[in-house]
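Residue-level listing of the chains:
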Amino acid sequence: MLKDETLGEALRRQGVTRRGFLKFCAATASLMALPPSMVPVIAAALESARRPSVIWLSFQECTGCVESLTRSHSPTVEGLIFDAISLDYQHTLQAAAGSAAEAARDTAMEENYGKYILIVDGSIPLGNPGYSTIAGISNLAMLEEAAKGAAAIVAVGTCAAYGGIPHASPNPTGAVSVRDIVKDKPIINVPGCPPIPVVITGVLAHFLTFGSLPELDALGRPMAFYGKSIHDRCYRRPFYDKGLFAETFDDEGAKKGWCLYKLGCKGPTTY
Amino acid sequence: MWHYRQLLTAASGCLLRGEQLMNQALNTEALKVQVAEHLTHNVKPLLHEIRHALAALLEDGERTIIDLRSMPLAPGEEQHLLDELGQGEVSARFNALGPSEIIETRFSGVWVVVHYNSNDEVIGKFVEVCDIPDLLRSQREDIQQGLELLQTQLA
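Residue numbers (numbering that gives the first Met the number 0), protein chains in the order written: chain A, 0 to 270; chain B, 0 to 154.
Think of the hints as simulated: they come from the structure by calculation, not from any bench. Even for Gly, the Cβ is constructed at its ideal location relative to N, Cα and C. Possibly wrong hints are sitting among the right ones.
Stated by the list, open to error - Here are the simulated EDC-like cross-link-like pairs (lysine to aspartate or glutamate), alpha carbons at most 20 Å apart as the crow flies:
#1 LYS227(A) <-> ASP66(B)
#2 LYS227(A) <-> GLU76(B)
#3 LYS227(A) <-> GLU77(B)
Said to hold, decoys possible - Away from chain A, derived, C-beta distances all over 10 Å, residues of chain B:
#4 GLU77
#5 ASP82
#6 SER107
#7 HIS114
#8 THR151
#9 ALA154
Bound-form chain A, shown alone (with noise of 0.2 Å):
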C-alpha cells in the first residue's frame, strides 16, 4: 500500500471492484451483528480510513495465530484488508532480520506514537527475564513500552488473552496474559487456539469504522464474536435441553443423535 493512500484506493488498485467492497461491508456488519442500516457508515469510513499503523509483538507463542490470518487458499477480502494496514513489525512475515528489524519497529512506535494498534499474540514470562527474550529485549519490557503508544492492544489468541498453554500447572515460566500487565490502555481479547481469521480483521475494521473498540464481554472478547457459543447454536442442543446425553461413542444415544457433553464436547465454552 502507497503511503497516505486510503483503504478504498489500495483496494481499488488491487483490482477489487465497488461491488465487491460493498458486498465486503454488508457481510462485515453482518458478522459484527451491526444492522444493515450501518452498512454504508461501514463502507464510507473504512473507504477513507489512513493505513493504521499495527506492531504485531509475537512472544511465548506457536505462531498457530500468525497462520490462522495467513493461511486463506485465495484472495479475501480478511486478505486485503490485512494487506491494506500498514504492519510495521511482526518478526515471522517481515523480511528484516536482527537491528534492521527492531529499528523498523522503533520508528514505527515514534512516528505513530498513540495511534498504532498493537496485536499481541503469546503469553508474556514473569519468572525469568531471560525465558523468552527478541534482540535482547525482555518480553515484559518491550509490551511495557509498546504499550505506552498504543492506541488500543488487540490480543490474539489464547495465550495472550488468558495465558494460555503456558500458563498451565505449574507454570514454569511464570507466564501471565496482557491484562495482567497493562491496565491503562483498552485491550481487546480475541481467544482462541488459534482464533478465527476473520475475527481478528473484524475488531480492526471496527476500529477503523467507529474509532473505539466494539462492545466487550466480561472476558474482554467482542460480544459480537463471542455472544453466542457453538452450544447455543448445535441441533444436538433441544437433547441438551431435555437431559438427553449420549454416555458413549456407540450406544444407542449417540445413535439418536443426543448431545455429546458427557463425552467431553467443548461446544458450551466454544465460539
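Dock chain B against the given chain A, drawing on the hints supplied.
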C-alpha cells in the same frame, strides 16, 4: 524457492483434503444423526415483517433489509421461510470476491441475497425489500473504471 505464503497455502490445502475425507466419512449412512424437532416459531413473524416492509416500499419507497443471520432460526426454519417466499422471475449471480446469488421471490419487491466468500462459505444472507438490490446496479466508481478501460482499448 517457495515464498512463505505459498508454503502456508500448500499446507492448508493438505488440511482441507483431510477435512473433506473426514466429512465424507461422517456422512456415511451409519453415522447420520437425526435433527431435533425444536422450532423458534420465528418464520411467521418474519413473514409479517416482510409484509409491513413491502407496504412501506409501495407507499413511501422505503427500503428494508433484514439480516437472516441475526435471527434465531432452528434447523429447517430458514428453508421453511425460503420455501414460503418461493422464487419469482429474476435470479442473478455475480462474482465479486466470491460468488453472490440474488433472487426475486414470488412476491415482487422481495429479494433474497446470499453472499459467499471465495471458499464458497456463506458470509451473509439477507431479505431485501426494494425495487432492486443495490448490488445488482452497476456502481458509479466501477462505471468510471469501465469507461477508462474502454478508452484505453480503443486508443
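Over 10 Å from every CB of chain A: does ASP82(B) meet that, or does the non-interface label fail? Nearest chain A Cβ is 19 Å from ASP82(B), so the label holds.
Hint check: LYS227(A) vs GLU76(B), CA-CA at most 20 Å. Holds or violated? holds, 19 Å
For LYS227(A) and ASP66(B), compute the direct alpha-carbon distance and say whether it is at most 20 Å. With Cα atoms ~17 Å apart, LYS227(A) and ASP66(B) stay inside 20 Å; holds.
Is the Cβ of SER107(B) farther than 10 Å from every Cβ of chain A? About 21 Å separates SER107(B) from the closest Cβ of chain A, which puts it past 10 Å; holds.
Beyond 10 Å from every Cβ of chain A: is that where the Cβ of THR151(B) lies? Non-interface label on THR151(B) holds, nearest chain A Cβ at 15 Å vs cutoff 10 Å.
Check on HIS114(B) being off the interface with chain A, judged by Cβ distance over 10 Å: Given a closest Cβ separation of 5 Å, the condition is violated.
Hey, does ALA154(B) actually stay past 10 Å from chain A on C-beta? holds, 21 Å
Assertion that GLU77(B) lies farther than 10 Å from chain A (Cβ): Given that every Cβ of chain A is farther than 10 Å from that of GLU77(B), nearest at about 12 Å, it holds.
Holds or violated: LYS227(A) with GLU77(B), Cα cutoff 20 Å? Given that 20 Å is the threshold and the Cα spacing comes to 18 Å, the pair holds.
Checked against the numbered hints given earlier, this structure breaks only hint 7.
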